[in-house]
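Given the coordinates of chain A, assemble chain B onto it according to the supplied hints.
So the protein sequences, as listed, match chains A and B.
The first sequence begins at 39 in the working numbering and counts up by one.
The second sequence begins at 4 in the working numbering and counts up by one.
Because the hints were derived from the structure by calculation, they are not lab data.
Any given hint might turn out to be false.
Pairs of lysine-lysine, BS3-like flavour, derived with a Cα cap of 30 Å [unchecked claim]:
id : chain 1 : residue 1 : chain 2 : residue 2
1  : B       : K25       : B       : K60
2  : B       : K74       : B       : K60
3  : B       : K40       : A       : K47
4  : A       : K52       : A       : K95
5  : A       : K109      : A       : K95
6  : A       : K109      : B       : K40
7  : B       : K40       : B       : K71
8  : A       : K95       : B       : K45
9  : B       : K25       : B       : K61
10 : B       : K60       : B       : K40
11 : A       : K47       : A       : K95
12 : B       : K45       : A       : K47
13 : B       : K45       : B       : K60
14 : A       : K109      : B       : K74
15 : B       : K40       : B       : K25
16 : B       : K25       : B       : K71
17 : B       : K71       : B       : K61
18 : B       : K40       : A       : K95
19 : B       : K71       : B       : K60
20 : B       : K45       : A       : K52
21 : A       : K109      : A       : K47
22 : B       : K45       : B       : K61
23 : A       : K95       : B       : K74
24 : B       : K40       : B       : K74
These numbers were taken from a predicted model, which means no experiment stands behind them.
The chain contents come next:
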Amino acid sequence: NAGVTQTPKFQVLKTGQSMTLQCAQDMNHNSMYWYRQDPGMGLRLIYYSASEGTTDKGEVPNGYNVSRLNKREFSLRLESAAPSQTSVYFCASSEWLLQPQHFGDGTRLSIL
Amino acid sequence: GENVEQHPSTLSVQEGDSAVIKCTYSDSASNYFPWYKQELGKGPQLIIDIRSNVGEKKDQRIAVTLNKTAKHFSLHITETQPEDSAVYFCAAPSAGTSYGKLTFGQGTILTVHP
Chain A
39 NAGVTQTPKF
49 QVLKTGQSMT
59 LQCAQDMNHN
69 SMYWYRQDPG
79 MGLRLIYYSA
89 SEGTTDKGEV
99 PNGYNVSRLN
109 KREFSLRLES
119 AAPSQTSVYF
129 CASSEWLLQP
139 QHFGDGTRLS
149 IL
Chain B
4 GENVEQHPST
14 LSVQEGDSAV
24 IKCTYSDSAS
34 NYFPWYKQEL
44 GKGPQLIIDI
54 RSNVGEKKDQ
64 RIAVTLNKTA
74 KHFSLHITET
84 QPEDSAVYFC
94 AAPSAGTSYG
104 KLTFGQGTIL
114 TVHP
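Next up, chain A with everything else stripped away, as it sits in the complex:
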């Protein structure tokens, strides 16, 4: 039972580089989310997708884009990475909108 799978687990980027974080869930959930977790700031919602074909901004969307490729997959893209985007990124999914149930194990991203 894989649940929510995120790739890569670790990544180091230089300022200005781009990359895409991948997320896939195998629970047939409609809703998917991207959060970032920073020390002392808890989890903050970047973007979410209520269902296949729809995406919406969360609390901290600037500098990010997302794609809901199909029901299983939801990717997060950094077009031009900045040091302020150094964080741990979590993807999550749920049956009910905005009640995230299952989280992946995170992508630890460092931007130099």
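This is chain B only, laid out in the frame that chain A set:
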């Protein structure tokens, strides 16, 4: 928007003791209150949640209580075990936003000593 305060930030107990973590929220319209457990190097895991139409919910050794008048809710863990050691987060939705996003507390580091 919602303001969620979580206390204490750290909690240390002996195995077998009970642990209580409390969160307060500001939006009286909030109606869904989940608790998450995060182990080192892992993502958060939903362990229990409560909706505003009930005052208490139990699941084996864990329980959550809700006081809507005082706008606080608490996580209770009884007969703690070393494997309960983790960071625990509460959350509450902000009904004032267009999408009712969850606002998370700052987390409580629980350590259970054998």
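Hint compliance check: list the failing hint numbers for this structure, sorted ascending. 14
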